[in-house]
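S.K.: The lines below spell out each chain.
2 protein chains.
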Amino acid sequence: MNKRTFLQAGLAAGAMAATAPAAALAQAKAEGRKLGYAMLGLGYYATQIIMPRFSECEHSKLTALVSGTPDKLAKYGAQYGIPEKSRYSYYTFDRIIDDPTVDIVYVVTPNSLHRTFTERAAKAGKHVMCEKPMATSVADGEAMIAACKAAGRKLMIGYRSRFEPHNLDAIALAGGGALGPVATIVADHGWTASDPNMWRVKKALSGGGSLMDIGIYSLNAARYLTGEEPIAVNAMESTDRSNPVFAEVEDTINFQLLFPSGATANCVSTYSANCNRYRVSGPKGWVEIDPATSYGGQTMRANLDGQAKPRTPPAVRKSQFAGQLDHLSECILTGRDPIVPGEEGLKDLRIIEAIYQAAREGRTVKL
Amino acid sequence: MNKRTFLQAGLAAGAMAATAPAAALAQAKAEGRKLGYAMLGLGYYATQIIMPRFSECEHSKLTALVSGTPDKLAKYGAQYGIPEKSRYSYYTFDRIIDDPTVDIVYVVTPNSLHRTFTERAAKAGKHVMCEKPMATSVADGEAMIAACKAAGRKLMIGYRSRFEPHNLDAIALAGGGALGPVATIVADHGWTASDPNMWRVKKALSGGGSLMDIGIYSLNAARYLTGEEPIAVNAMESTDRSNPVFAEVEDTINFQLLFPSGATANCVSTYSANCNRYRVSGPKGWVEIDPATSYGGQTMRANLDGQAKPRTPPAVRKSQFAGQLDHLSECILTGRDPIVPGEEGLKDLRIIEAIYQAAREGRTVKL
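Heads up: the protein sequence lines correspond to chains A and B, in order.
Quick note, the working numbering runs 102 ahead of the 1-based positions in the first sequence.
Quick note, the working numbering runs 102 ahead of the 1-based positions in the second sequence.
One should not assume that every hint holds.
In this list, chains with the same sequence are indistinguishable; a pair is considered to hold if it fits within one copy or across any two.
Straight line, CA to CA, 27 angstroms or less: simulated DSSO-like cross-link-like pairs of lysine-lysine [said to hold, decoys possible]:
| # | residue 1 | residue 2 |
| --- | --- | --- |
| 1 | 468 | 187 |
| 2 | 449 | 174 |
| 3 | 386 | 305 |
| 4 | 187 | 174 |
| 5 | 386 | 304 |
| 6 | 174 | 251 |
| 7 | 136 | 449 |
| 8 | 136 | 225 |
| 9 | 251 | 136 |
| 10 | 251 | 225 |
| 11 | 468 | 449 |
| 12 | 468 | 225 |
| 13 | 163 | 225 |
| 14 | 386 | 174 |
Treat the hints as calculated values from the structure; they're not laboratory data.
Since this is a predicted model, take the numbers as computed values, not measurements.
Just need the whole structure built from these sequences, with the hints factored in.
M.R.: Rendered as structure tokens:
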């Protein structure tokens with residue numbers, strides 16, 4: 103199967119799936135056909151968190167590696183049985199256009215490189231999974247969406263919590279009226295950054311500090327828990343610029359959101375405390391997860407009848423990581439759009455820019 | 103003992119206590135001398151929460167009642183053995199000047215009446231315990247402080263959490279460096295208001311909505327946990343004015359505080375969800391209480407070594423209510439100032455006015 107026949111097969115599968123998505127998935131499974139991922143950027147998250155999860159996937163497999171470090175290509179190539187011809191440097195990456203084993207490129211680089219690799223992947227005819235934040239500016243995010251659209255390829259952002267059972271349960275509870283109309287969301291995300299040399303505190307690579315890295319989880323949670331887009335934003339920053347870690351990016355930037363329904367969110371984003379939790383509350387009760395958006399260990403409590411109790415969400419078949427990887431493959435096989443497409447990443451980016459503006463100007467920014 | 107000799111005795115005790123407070127308290131205890139409280143305003147909080155706690159007190163006793171409802175005076179007068187001559191209506195209240203059994207008047211009326219009763223109590227030569235918020239405006243709070251100062255009487259505000267063991271432990275942990283420099287405080291206080299007829303939603307009586315009533319706990323906690331005064335305030339309000347409950351006052355008004363050390367606070371104040379908790383976090387750990395400022399049932403967790411664990415605070419001898427009541431008595435006996443004097447209430451009021459202004463004007467208000 104060369105690139106052309108593959109693309110045609112993909113189109114055919116997509117056309118079929120629009121009328122019968124379940125049948126398309128069943129057929130792919132019966133044929134043992136899995137979509138191939140190239141991992142681009144072999145850091146901790148890609149190699150230690152994502153790559154081991156392909157073994158759980160029904161519709162996805164790891165078929166290529168892209169890295170600037172030859173030793174990593176050799177090590178993980180051997181470990182995952184990736185042939186040398188499917189190991190790419192950033193210089194040889196564009197040759198991936200001729201690699202029929204690759205359907206999707208998963209971009210896991212520092213944030214400011216997401217745009218260029220997404221554009222190159224789309225130009226090579228590949229679908230793209232891109233880590234969050236999708237880019238370091240709204241302009242870059244728009245360009246990525248345009249590039250994938252022009253190439254007729256799908257773009258999905260790595261919002262893995264949307265495939266995590268506790269988060270899915272909280273979304274269902276909040277959206278299903280179990281809490282009454284959502285009144286307040288409190289979402290706190292942070293960790294203690296102490297290494298002044300990591301790329302996350304270099305503005306040219308990260309685009310910003312805690313908000314780009316971890317505060318985005320508070321923001322995205324407030325949006326998926328309400329199912330609404332905020333109409334106003336407040337923010338307050340606290341950064342010790344004399345600390346070399348924070349010479350270029352913000353430490354703490356807490357923000358407030360107001361949603362059209364009247365729901366509000368108070369969100370923490372910090373590099374000076376470890377926190378990973380949220381609670382969504384309404385007149386009839388609340389549900390909280392702590393930790394909420396971590397790689398594992400989610401713990402849930404709900405107060406639905408005047409008493410706080412531990413809660414176990416309905417089981418799901420796959421980890422959040424495999425769920426995320428397979429979702430894009432399923433969307434390609436069935437011709438559907440991902441639930442967290444590029445446009446979802448762009449919505450977060452627009453609000454992130456509003457948060458920075460609100461903090462800088464000391465005023466409520468309307469959206 | 104008439105009023106004059108009583109006042110002289112009080113002055114003498116105060117003078118002695120300045121040099122030997124412990125001795126003054128021991129002597130009062132040995133003599134079985136307790137300071138007498140008049141409860142002014144016989145609603146739920148006074149009659150069901152406070153009055154039963156005098157039995158726990160070492161230095162305080164209930165000696166008079168003030169109410170606009172004769173039935174209440176009769177009922178609680180009989181229950182607590184208060185003689186008829188020490189039962190006052192709001193019209194006869196000023197005669198309390200001649201009641202030597204009363205040292206302190208505890209004002210538990212709707213907020214907007216705090217000023218006038220504090221002034222009348224001070225004019226009658228009585229010390230004053232006043233519920234929070236101390237008043238409905240900074241101007242009223244200042245007048246109350248001036249009235250008590252002019253009368254040479256003490257004014258204390260009913261911040262009972264300052265006598266509650268879990269809160270004391272959290273203050274000690276945060277202030278003692280166990281968390282590292284405090285980075286963020288998240289404090290959420292709310293309950294679900296549904297009665298459009300209660301005084302709390304009548305602006306002329308309450309001065310404001312959830313912030314005056316329950317959000318003040320979030321605010322006061324952020325201040326006692328940092329031991330600092332905020333220098334900047336953001337706020338975001340969400341109120342459905344078509345709901346008769348909220349025709350006059352705000353429902354949700356969440357706020358953010360920035361402290362001189364760089365510590366930040368994200369606070370919820372709402373009448374549309376039940377919440378009563380806070381967490382204070384720094385780079386080395388966090389401590390949380392949930393419920394935090396309730397009448398009882400405080401539950402604490404701390405993460406001081408990378409793991410969240412239940413925590414039991416050091417025991418204290420008395421309930422927060424008895425601790426609060428006795429504190430003012432002890433201050434009078436020893437000539438000391440209360441830890442939560444009128445000035446403490448005034449600090450909250452100034453910030454409350456800034457919070458309303460920040461929400462109204464959509465901008466950061468500097469303090």
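S.K.: Within, between, both or neither: how does the pair residue 468, residue 225 come out at a Cα-Cα threshold of 27 angstroms?
M.R.: Classified as neither: same-chain Cα gap 36 angstroms, cross-chain 51 angstroms, threshold 27 angstroms.
S.K.: Are the CA atoms of residue 468 and residue 449 at most 27 angstroms apart within a copy, between copies, both, or neither?
M.R.: Only inside one copy: residue 468 and residue 449 sit 14 angstroms apart there, 31 angstroms across copies, limit 27 angstroms.
S.K.: Could you figure out if residue 136 and residue 449 sit no more than 27 angstroms apart (CA to CA) within one copy, between two copies, both or neither?
M.R.: Neither: 31 angstroms inside a chain and 64 angstroms across chains, both beyond 27 angstroms.
S.K.: With identical chains, the pair residue 468 and residue 187 could be close in the same copy or across copies; at 27 angstroms between alpha carbons, which is it: within, between, both, or neither?
M.R.: neither (51 angstroms within a copy, 61 angstroms between copies)
S.K.: Evaluate residue 174 and residue 251 at a C-alpha cut-off of 27 angstroms and name the case that applies: within, between, both or neither.
M.R.: neither (32 angstroms within a copy, 75 angstroms between copies)
S.K.: Go through the copies and call it for residue 449 and residue 174: within, between, both or neither, with a Cα cutoff of 27 angstroms.
M.R.: neither (34 angstroms within a copy, 59 angstroms between copies)
S.K.: At most 27 angstroms between CA atoms: does that hold for residue 251 and residue 136 within a copy, between copies, both, or neither?
M.R.: within (23 angstroms within a copy, 81 angstroms between copies)
S.K.: Tell me, please, which holds for residue 386 and residue 304 at an alpha-carbon limit of 27 angstroms: within, between, both or neither?
M.R.: between (44 angstroms within a copy, 24 angstroms between copies)
S.K.: Have a look at residue 136 and residue 225 and pick one of within, between, both or neither, based on CA distance no larger than 27 angstroms.
M.R.: within (22 angstroms within a copy, 86 angstroms between copies)
S.K.: Should residue 386 paired with residue 305 be assigned to within, between, both, or neither, using CA atoms and 27 angstroms as the limit?
M.R.: between (43 angstroms within a copy, 26 angstroms between copies)
S.K.: Pop the pair residue 187 and residue 174 into one bin, within, between, both or neither, using alpha-carbon distances up to 27 angstroms.
M.R.: within (15 angstroms within a copy, 90 angstroms between copies)
S.K.: Could you figure out if residue 163 and residue 225 sit no more than 27 angstroms apart (CA to CA) within one copy, between two copies, both or neither?
M.R.: Within one copy, since 22 angstroms is at most 27 angstroms while 83 angstroms is not.
Of the numbered hints listed earlier, those contradicted by the structure are 1, 2, 6, 7, 12, 14.
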